[in-house]
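2 protein chains.
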Amino acid sequence: MPEPLRIGLAGLGTVGLSVLKLLDRQSQALRGRTGRSIEVVAVCARDRHRPRGYDLSKLRWVDDPVDLAGAPDIDLFVELIGGGEGPARQAVERALGSGKSVVTANKALLAHHGLSLARLAEEQKVALAFEASVAGGIPVVKVLREGLAGNQIERVYGILNGTCNFILSRMETEQLPFEVCLAEAQRLGYAEADPSFDIDGFDTAHKLAILTSLAFGTAIDAAAVHVEGIQSITLADLAAAAELGYRIKLLGVAQRTASGIEQRVHPTMVARSSAIAQIMGVTNAVTIDADAVHELTLAGPGAGGSATASAVVADIADIARGIRTAPFGKPAASLDSSDRIPLQRHEGGYYIRLAVQDRPGAMAAIATRMAERQISLESIVQKPQTGARVRPVGVEVPVVLITHATTEALIRAALDAVVSDGYTSEKPQVIRIERE
Amino acid sequence: MPEPLRIGLAGLGTVGLSVLKLLDRQSQALRGRTGRSIEVVAVCARDRHRPRGYDLSKLRWVDDPVDLAGAPDIDLFVELIGGGEGPARQAVERALGSGKSVVTANKALLAHHGLSLARLAEEQKVALAFEASVAGGIPVVKVLREGLAGNQIERVYGILNGTCNFILSRMETEQLPFEVCLAEAQRLGYAEADPSFDIDGFDTAHKLAILTSLAFGTAIDAAAVHVEGIQSITLADLAAAAELGYRIKLLGVAQRTASGIEQRVHPTMVARSSAIAQIMGVTNAVTIDADAVHELTLAGPGAGGSATASAVVADIADIARGIRTAPFGKPAASLDSSDRIPLQRHEGGYYIRLAVQDRPGAMAAIATRMAERQISLESIVQKPQTGARVRPVGVEVPVVLITHATTEALIRAALDAVVSDGYTSEKPQVIRIERE
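Residue numbers (the working numbering), protein chains in the order written: chain W, 1 to 436; chain D, 1 to 436.
The set of hints was computed from the structure by calculation and includes no laboratory data.
The structure presented is a predicted model; accordingly, all values stated were derived computationally and were not measured.
One thing to keep in mind: the hints can contain errors.
A pair counts as met if it fits within one copy or between any two copies, since identical chains are not told apart.
Each computed DMTMM-like pair below joins lysine to aspartate or glutamate, with the alpha-carbon atoms no more than 20 Å apart [claimed, not checked]:
id, residue 1, residue 2
1, 21, 122
2, 58, 396
3, 383, 243
4, 21, 291
5, 21, 289
Pulled out of the complex, with its shape left as it was, chain W reads as follows (with noise of 0.2 Å):
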């Protein structure tokens, strides 16, 4: 038998003690199949005496991460610390510059400083595997640089935070409005007491940028998202939804389109029917379209402790096993430079819900504004929205379009039409529609 995988393991939070745990479990199972025994031989957290549940005295302890990262009786460093600068990033360095394998869940690491991570596994021969860094446990990182090998990648797009999907299925099973379910799922520990980074997007997007280098070839590139959250969504707009057929998702879209790769995190509406749609609560969700294989979807655990421990062990099972491949597909030298595509020239339908005053002549002003700029509406809907528990303030009325293929710029200077005709009071709400 070969030699066993020396690990060293640094940051002992949820994920990290998952790690360890798992690892114990299925230590048996594991050297059946990778023909090698997988060993934690030592770790590393910033306090040593916190309580954790788990007998960390046979592991040594290291008080750097840096330092555990070079050490020289480890073969493999896993970092589970997080955070896209400071001590993550200059183990993670460290680790691939003495020539040791990295399998990281750090998201923003990647995001950020994946391609030159990639250049310098590369350059040292030695794997770099971030399977937990996106979609927790759902091996989408796997499958779209193994799986779908064979194929052209049109699309990607998914749910990708599970507090986002958490919070709008909330929303619409309960009818309670955006703050009181961000505060229950506070409450539930699935969303941080600053919860910006989740709910404004930002979290979606850097598991965006991974997918989008592994599925199209192109060097990472987290600043080429564009980004918007759910902060806006209102219980009107969930309704009108329900009424048109639709569901609201937060979802991070990867497409190729013949500008280039549009990268975009945005609240859309997508087709109750669709696969994407079903997919309720912390539960993630990946659809790829791509030449061959058509359409693929994945729906699995986006978090938690042990799917993301699950993911994290495959990828230490893959290099006990000697499988190496470039971490992103294909050597980082020959990945395409990233494409900034200003969100204007982005192609699809639009919803847009508008609080019209209701006097002569508005409906009028707003359809010749559309016309104007070659919209076509697939459907209008004004009528008092009873089942939504908003009252209608003075004597405004909502208004819902539904227009067919368009362009962001048209749907932006239709609306900014609108609203200098004074027809309107509030800012439009616009929510962009992705087809199956």
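Chain W is already provided as a structure; the job is to place chain D on it using the hints.
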């Protein structure tokens, strides 16, 4: 750049031609991803002169697949002939025996000879890859073998035959009987002229046997699978399922039980709200329950030239990249022996439809027969099935029972007693319920 990977491909049906076209189309991308050029150097099929809409003139033609498999100028043999014996088997054995890797889509061959072929591949230190043999374009083989390597799998179940799912979907949505939907499937090319291999469940059983070996580390054993087809399913069953919150799917289920690994293929009641119940038409889906990841569902096209070619080419790309794992995830010699569990030991809920003669004491007798065997009932529905286009015969009324968890043995004993009592005129319909 390393040497090109030289392929000999046998079988030029729909899948074979799709593989040739996909390799052509993605030639440059595959070189980028694998670091090697992938070249088909020779092909073989039954009829050299059949028009195929593909220019074979640059490829060497070999008449005998076994000769092609042993040709000294190929590194990898791609077997797309089909069939569990004969030329496919001989050619694969020849290729492996002469130290060449094999990629195959041949589920029958694997179901019957997978273990000995895996042994041979391991002895020769070559790859035996078969992603395309199960669920077409869905990379479930890779997900089980690598993506969930850190998990203990508890259950794998899925819709693995698009023909059956198409027929059941059409029966439900169009309210048309089995025979009519089967004829439609044949007209559309989804079912063979002799459809028995699909509709009797054997195709699903072969695929399930492969998944079972990968998921549970057992020696593949197609004979251990209990198999029932969909021919007995009536519109009355579909209507009753809908009313009770279920949908009927032909599932393959492999499950860890106290007695061992249970493998069964049969029409199954699944909760209408479950992910698997949403899968309609020819789409396939597989759900995996495992200790760390909990529940993961993969859905996509289960057949068709293009989707199957996606899987074949992914295997080819893995081999080009030098990725090689034991075919069934761990060495063939260490696979556990298969469990052949009598279905009588199966535990679960049951749907039972009886044609009950409408006279005093009938329901009491049935309830008593159940109670005698400690079978408790979740629901009883007795009413004319008006919506189901089924004419009541004579004075019989359909009675539908849903039981709580019990065993197959108790259900069969209770129903034997019910039939002996003489209150029923038809063979009872029994459909097992699968819980999420």
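How would you classify residue 21 and residue 122 at a CA-CA limit of 20 Å: within, between, both, or neither? The answer is neither: 30 Å in one copy and 31 Å across copies each exceed 20 Å.
With identical chains, the pair residue 21 and residue 291 could be close in the same copy or across copies; at 20 Å between alpha carbons, which is it: within, between, both, or neither? Classified as between: cross-chain Cα gap 12 Å, same-chain 40 Å, threshold 20 Å.
When no copy is named, should residue 58 and residue 396 be tagged within, between, both, or neither for a Cα gap of at most 20 Å? Answer is neither: 69 Å inside a copy and 72 Å across each miss the 20 Å cutoff.
If the cutoff is 20 Å on CA atoms, where do residue 383 and residue 243 land: within, between, both or neither? Let me know, please. Within one copy, since 12 Å is at most 20 Å while 34 Å is not.
Within a copy, between copies, both or neither: where do residue 21 and residue 289 come within 20 Å Cα-Cα? Answer is between: at 19 Å across copies they meet the 20 Å cutoff, but 36 Å inside does not.
When each numbered hint is compared with the structure, violations occur for hints 1, 2.
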